[in-house]
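For chain A, the structure is supplied; the task is to place chain B on it using the hints.
Protein chains in written order, with our numbering: chain A, 1 to 366; chain B, 367 to 759.
Read the hints as simulated data drawn from the structure, not as lab findings.
From a predicted model like this one, the values you see are computed outputs, not experimental measurements.
The C-beta atom is built at its ideal place from N, Cα and C for all residues, glycine as well.
Any given hint could be a false lead.
To be verified - For the chain B half of the interface with chain A, some residues (derived, Cβ under 7 angstroms), not all of them:
hint : residue
1    : 403
2    : 411
3    : 514
4    : 519
5    : 526
6    : 589
7    : 591
8    : 733
9    : 737
10   : 741
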Amino acid sequence: MLTALASLPTTIGQSASILTLDNFWVSVVLKILVTIALAFTLPLVGGYLEHKAMGRLQDRRGPVAAGPFGSLQLVADGIKFVQKEEVVPRAADRWAFAIAPGVALVPAILVFFVLPLGPGVWVEDLELGLFYALAISSVSVIGILMAGWGSANKFSLFGGIRAAAQLIAYELPLILAAAAVALQAGSLSLVSIVEAQAGFMIPGTDINLWYVVPQLLGFGIFFVAALAELSRPPFDMPIADSELVFGYMTEYTGIKFAMFLLTEYAGMISMSALMVVLYLGGWQILPGVPLPGCEGAGGLFDCGFWGGLLGVGVTVGKIMALVFVIVWLRVAYPRLREDQLQRMSWLIFIPLSLVNIAVVAIGKVA
Amino acid sequence: MSDLDVTEQVSPSTAPGEDLVLEIRGDGDFETAEMSLSIGPAHPATHGVLRIVLDMDGERIRDAHPVIGYMHRGFEKLAEHRDYRQIMALTNRHDWLSGFNNELGVALAVERMLEMEVPDRAQWIRMLLAEWGRILNHLMFVGSYAIELGAITPMFYAFREREDIQYLLESATGGRLHFTYNQAGGIKNDLPKGFLQQSAALVPKVRARLQDYVDLILGNEIFQGRTKGVGPLPPEVALAYGVTGPTLHATGVPEDSRVTEPYLKYGDIDVHVPVGDNGDSFDRFAVLLGRIEASLDMIDQIHDHVPAGPVNQKLPKILKAPEGFTYVRTENPLGQLGYFLQSDGSKNPWRMKMRTASFSNVQVLPYLLRGALMPDAISILGSVFFVVGDVDR
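Bound-form chain B, shown alone:
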């Protein structure tokens, strides 16, 4: 390995241990051999079947190559043979942690093609559930990120809250993961009696428990030592790779389609987008926690707005979109989700293209992993939030 200059490979931002490692290896005589290490497709840190091939020199990563496609389920093609109602049930499965937010995107796209008016009540209810769905998703990542860094307890705490929220959503939709509650022109049926009161009661409960995560994880010295300055992402690189969502916000860019291009009634409420400073793993996690807090605030505001009235409209037996195309982007828990729908006038879309947040976020991994240490790789992998189903579709 004499032709490789070790000092070049080390990114200036990594960890305090740096100089120690370099002193030992920099002497020249001590030859080290590179080793190719395949993380995944079945590795606990990839939560799913993502594979990352690392070129390692000791514990130092020289290069990383994500290999995707182990979970390709052909959603885009499947959609071409489903009608618009069925597509909702399909799309809440590609990112299984944000089912409601996914189907919302399709519903909006179909409504835009049909130029359909959606009742106000349905719009507010959609927003309410979308924000709860966002919290559900983020809680999952709070727990799983902690577990990747070796802290096992936050996962159990996160599931405590998730259970309460899922119980609430189940009472309205009948589903816990795949809600299939949207339909073109509104939502399937109205909320059950007392839902809004229950929802309002749950907000302070979840908010009070957020402190547990701050105490257990964010404020922990070891956690800070493991994440601060690890995998910093400059905003221009993030934008170049198309990174969105909490990972982008952590770099200080507050781009959020709920603010920049409001859909539903997001224009009527106060949407707070928490941002970080330098986009390292710590910031990414802090932004995630901040987003839970922000969503809770939004839910509080939504409760004051939900009007009475119908929640859907009568649909024809066979729903046909007119010829043409549309693109709808929504702010999903993990970043921006876009659906491109093209119709030839029949009951099925002619083409459906997805722009999923996880797919773009994973692209930035080689940039972040180069020069990091093996344990840092885990702290980076976990904090560039992605769901493998959402990567491979």
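Here chain A stands alone, though its shape is the one from the complex:
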């Protein structure tokens, strides 16, 4: 027991971020700005990747006109959205209708608060980081329900209810899968989980293993559940443009519509980032390969400038690779039916995630 404790990472949570400066207030302002900047830029990159990847996979070229290789298409879209007339249905519940996009978007931005992107490159390393990220990302659905109800549109109502049902069904496997990781790492801090993966060695060698190897099942469950939570295809029943027109977004126009879109893409990025941190070794290039210029545990911490930059690049690269897989699924698959989705969750994924957590627990104790 004592040896087990001793092998735990030495720093549990509250690691220093490079944004933590001597002056408290400057530090706070800086952190807020960085969080918001991350939440607005990374989704744009993901969105551009989706445009281009979808285009190529569908025998077309994707955006080409706006900016070099069409890279400013989403910026142009944003400008267009701002100029649109704002239409509020006469029968709408005005307050719910008006604040719903904000209620959905703000939690999606707040998740970026804890995501570690590289050595020292995180805004705050909370001791309950994983708990915080999962808890706050599920607040978004309240906004979606409000939008569905407030729009006074039957299609929107269907969409909102479906979104809520989907969230309830998939929150459980998602949390159980993540709990297994926390169990194995012995910490809920996202930075410590990365560190624990760097220290999870193949016995007899100095090569470490990412948690995707021992917890492949958990990774699969987390990935599918994340897709369902984000209502990305093939689980996009709450939006289902050919059935529900656009679900809870049907009545929204202009900037509010854009906020829902940003919520979706921010969610895609933050869920991918969580998967990178929980299962794919964070900013480690390959198992057993330290970042150049880093001295901390597993060659992943206390890096110089270039090592840090490379670390961020590796994380973002992994995130974008996952985003590409998500886009790929969207291109390749039709949509499931809501009841099929529910069955899948309650009858397959929840039992499987319980098995997963039990196996991990036994492995941990043994």
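Chain B only, in chain A's frame:
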């Protein structure tokens, strides 16, 4: 809603999710309210302006009422004030996805009234183009059905093939959608040089790409989960409603006027009619893909037959049909198309009545939709292939 017995409303064939939904609602205390949901006239799943009023209980459909007429353009009346040449240009517009096949029906009817002999070459060319037109139509539905089930990619693939075929047909007719290539007694002008070679080269290309749809859609587990056992149509119900075309073939009835009542030279070639087993959405789609394959086979056979010779005959300046009437039915891509022409001896028909496939196919929708789930409604709507212009005329 206590007077409604929930269990009665559920058709035995729907989806695996069934028992789950029932257990929750069957307890009695939990009251649900019915809601009337109007799908259309401007809804993405109706591809056109069809409106369907659904009485919903949660996601379950209790009853469905199609409301048609949003796209009524009065073709039958318009035809009474057009001469027979102009009618061709009119009729290739009611079902805009099978323009060539529509005008072919009118041409056959007029020729029958005039007792006109059509040169062999013209007949074979008509068949060739009719089969290409059928493939064009079916490809469109392959793409749009996939998009209704949430798969966006097949649409782009379908348009890739459609573009090639339209390019080919454009070289002969000058049109991409409304060909207006037929005329009484033949076709307007002969095929351009090299058309048959190009056409022959296109067949293997399209056939090879058919595999993409099988891989992407037909073989996909989610697609099968969404369509198998959804909206099954028994053959006797289909016949009672006058359903024809792929929707009828999916129920296992191989009625096809190219076989049962051959027109043009269909009697001289081998016409294969693919059929399904139980007429559910999956079968309807599989039959659609099978028909593309069958049409490609027919095109291959037609290439070996096209003789040399004239393609039309000299027509009088004003074409007058003798007094009398006739009814011609042809196998259109979506089902049987019938034209009833009555002439009083003048240059215009006295009455033209259309029997369009889409109109009859839409009639069966309430039967199929009753008891289905909302997402199933989409999978049913998309697979009972219809074009709204063809419904409303």
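Which numbered hints does this structure break?
8 and 9
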